[in-house]
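Visitor: For reference, the chains in residue letters:
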Amino acid sequence: MIGLLGTLAEAWSEVRVHKARVVLSLVGVFLAVFAMTGVTALGLIVTQVQQEQAERYGGRSATVSVSAYDVATGTAADGAEWDTAVGDLLTRYGITQYASIAYTDALVRFPAGTQQLQTMDVSPSYGFLHRIEPIAGRWFVDADRSSLSPALVVNEFVLDQLGGGPFTGPRAVVLGGAEPVTATVVGVVKNDGGDYPVVYRIDESGTPGRGQGPGGYGGGSSLELWVPPAQVDDVVTALTNDLGRVLPGYQVSAYRLDSPGVADGLATLRLAIRGAGAVVLLLGGLGVFNVGMMAVRQRIREIGIRRSFGATSGRVFAAIMLESVVATLLAGVVAVGLAVVVVRNLPVADWFNGGVPLADVPGFPVQAAVEGLVAAAGVGALAGLLPALVAVRVKVIDAIRY
Amino acid sequence: MSQLELTGVGREVRLPDGGVLPILTGVDLAVDAGEHVAVVGRSGSGKSTLLNVLGLLDSPTSGAYLLDGQDTARLRGRRRARLRGECFGFVFQQFNLLPRRTAVENVAAPLLYARGRAFLTRRRTAAEMLDRVGLGARLDTIPEKLSGGEQQRVAIARALVRRPRVVLADEPTGALDVETGRAVMALLAEATAEQGAALITITHDPAIAALADRQLRLAAGRLTAGVPA
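Just so you know, the sequences run in chain order A and L.
Sequential numbering of the first sequence, starting at 10, is according to the numbering used here.
Sequential numbering of the second sequence, starting at 8, is according to the numbering used here.
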C-alpha cells in the first residue's frame, strides 16, 4: 500500500514539476484522440446520412417493388383481385413490412387558382420504408386511413402555394373535381432537389371511389416489400411466379428497388474513415512517444539519483508508465467529452443532408467513444513503455554521471 | 564484526577490443560503525568505483563484500535496491539535487522509498533535517536559488534523512571553495557522528582526509594505508 502511495506521489511530483512537458504531451494525445473520435463519429453520422439519402429514393435494404398490369390494356390489376393475391403471398412468406404506392391526379385549389397535380397515394408504412422525415407536422398514421378527410403530406413548394405562412398545424385544402373533398395537410417535407410539387396522400380514407381493395394492399397500384437482402432473389422469383399464376393475363413485374451497391459503398466509406482515424492517432501517438523519450533522456540523471535512494527498477518503471498512462487517459477522457459535445451540436442535417432531418438521428457512436478511450490508454502505455524500459535498463552509475 | 568488509575485491571492465581493464585490484577494507574513513587518490585511481561498490551501485568482479556479515554477491534486484536505500546515504561532488524541487522536497525524496511511518511523515522529517543543517529558513527554496555550500548542506540532509548506517561522500567539497568546503565537511562529520553512522569520504584533498579517523590511499586500483606525502 505504501509502495503504491509512493509511486503515485512520485508520479504526481513528476507531473507537477514537469508541467510544461506533461501539458505538451497531453495536448498531443488530446488532439489525436479528439480528432480520431470526432472523425470516426462524424464519419458514422455521414454514412448514416448517405444511407438515409439512398433509402429515401430506393427504400431500405432490401426493398422489392411488385406490380401487375394487364398485358392487353396496360391497366393495373383489379383492386380486389390484387388484394387477394398479394394478401395470400405476404402471409405465406411471412412478410410484415410493406407499403402500397399508387399515382393519381388531383385538382388542388390553390389561392391563385386550381392546378392539377399528381399525388402519390401511399400507406403509412411508406414513410418508414423510405425514411421520410417531415420538417413540420407529421407523417401518416393508420388512423388517417379511417378519416373522412384524406390526409396529405406536401413539400415546402406546395405549402408556399397554399399560402398561410409557416406550417403550424393541420391545414385544410380542397381537392376539386366532380365531388370536391376537403383534405387535410398533416405534414410538410423538405423540397428535395428543386421547386416542383410533391403531394403524398394517404392510400385510403373515407373518400369513396378510391379503387382500393378490401385488404388494403393498394389495389391497382404497386407494392413495396421489405425483405432480408440475402433472400431478395428468392422473393423476386417467388413473387413473379406465384402472382403470375393467380393473376392470369397480367404481366407481373418484381424487382429490387434499392441499390445493393450502396451498402458496399458505405462499408468502404466506414473503413476509410476508420483508417483515417487510426492514422491521426498514430501521428499523435508518435508525438507523445517523442516527448516521452526526450523526457526520459533529460531525466536519466534524476532516475540514477532516485536509484541511489533505493528505488527499485520496478518502481522506476511503474512511475514512468503510470505518469504516461494516467496523463494520456485523462487527456483522452477530456478529448472524448469534447468530441461528444462538438459532434452532437453540429448541424449535421444542414451540412450533410440538405436540411432534411435524419429519420434515425444517430447518437454519439459509443463505439467511437470507447475506441477513443482505449486508444488514449494504449497510446499512453506504448508511449510510456519504451521510455520506462530505457529508464530501467540504464546503469545506475552511468545515470548518476549522465 | 565490521559493518563493511571487503576482502580481495576487484573490479574490471571489458574493453571494446576484448581486453580487460582492472580498476580495483585486491582491495581489503573493514569499516566499523561510527568510524570516519577517508580514501585519498588521484583522478582515475578508482576512488569513485570503490564508492559505487561500497554503496551497492556496482558489483565487484572478484573478492567478497560483506555488509553486516551478509554477502552482497547474493543480493539481487529489489532486495539490493532496498538495502541500498536503507543502509547508505550518498553525498555527491555535484550535489545531484533534483532540479526544480524545493529543498524540503529534495530531502524528503529518499523517504518516498521508505515504508510505514517514515513515508507518511516524510515532509516533517525532512524539514527537521534541514533545520539541523542550518537551512530551516530555506525549506521551500529550489536548488537553483541556493549557493553551492547550501546545496551541499541540502545534499547532506538528504543523505542522512533515512538514518543510514553508512554515509558515502564522493568528493563532497570538490565543487566548493576552501572555506565553505571545510565548513560543509565539518557539518557532514558532525551530523554523521550524531547518528552513529560510519562516514567514508572519497577525496583528493589531504586536508579534508585529515579530518577522518583513518586515512587510506588508493593508487592504480590498490588500497593501502596512509596519505600520500
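What the hints contain is simulated information worked out from the structure, not anything from laboratory work.
Careful, some of the hints might be misleading.
[Said to hold, decoys possible] What follows is a list of derived Cβ distance ranges for each label pair: (1) Leu40(A) / Asp24(L): 45 to 51 Å; (2) Leu146(L) / Asn299(A): 34 to 40 Å; (3) Leu146(L) / Met303(A): 30 to 36 Å.
[Unchecked claim] To give an idea of the chain A side of the interface with chain L (calculated C-beta under 10 Å), a few residues: (4) Gly12; (5) Ala18; (6) Gln62; (7) Glu64; (8) Glu311; (9) Phe318; (10) Thr321; (11) Arg324; (12) Ile406.
[To be verified] Here's a subset of chain A near chain L, in silico, CB distances under 8 Å, partners left out: (13) Gly83; (14) Leu256; (15) Ile314; (16) Ala390; (17) Arg402.
Here a beta-carbon is modelled for each residue, glycine too, at the ideal position from N, C-alpha and C.
Visitor: Run every hint past the structure and note whether it holds.
Guide: Okay, the hints, checked on the actual structure:
| no. | hint | in the structure |
| --- | --- | --- |
| 1 | Leu40(A) / Asp24(L): 45 to 51 Å | 49 Å, holds |
| 2 | Leu146(L) / Asn299(A): 34 to 40 Å | 36 Å, holds |
| 3 | Leu146(L) / Met303(A): 30 to 36 Å | 31 Å, holds |
| 4 | Gly12 | 8 Å, holds |
| 5 | Ala18 | 6 Å, holds |
| 6 | Gln62 | 58 Å, violated |
| 7 | Glu64 | 61 Å, violated |
| 8 | Glu311 | 6 Å, holds |
| 9 | Phe318 | 4 Å, holds |
| 10 | Thr321 | 4 Å, holds |
| 11 | Arg324 | 7 Å, holds |
| 12 | Ile406 | 5 Å, holds |
| 13 | Gly83 | 90 Å, violated |
| 14 | Leu256 | 87 Å, violated |
| 15 | Ile314 | 5 Å, holds |
| 16 | Ala390 | 23 Å, violated |
| 17 | Arg402 | 13 Å, violated |
Of the hints listed earlier, those the structure fails to meet are numbers 6, 7, 13, 14, 16 and 17, in rising order.
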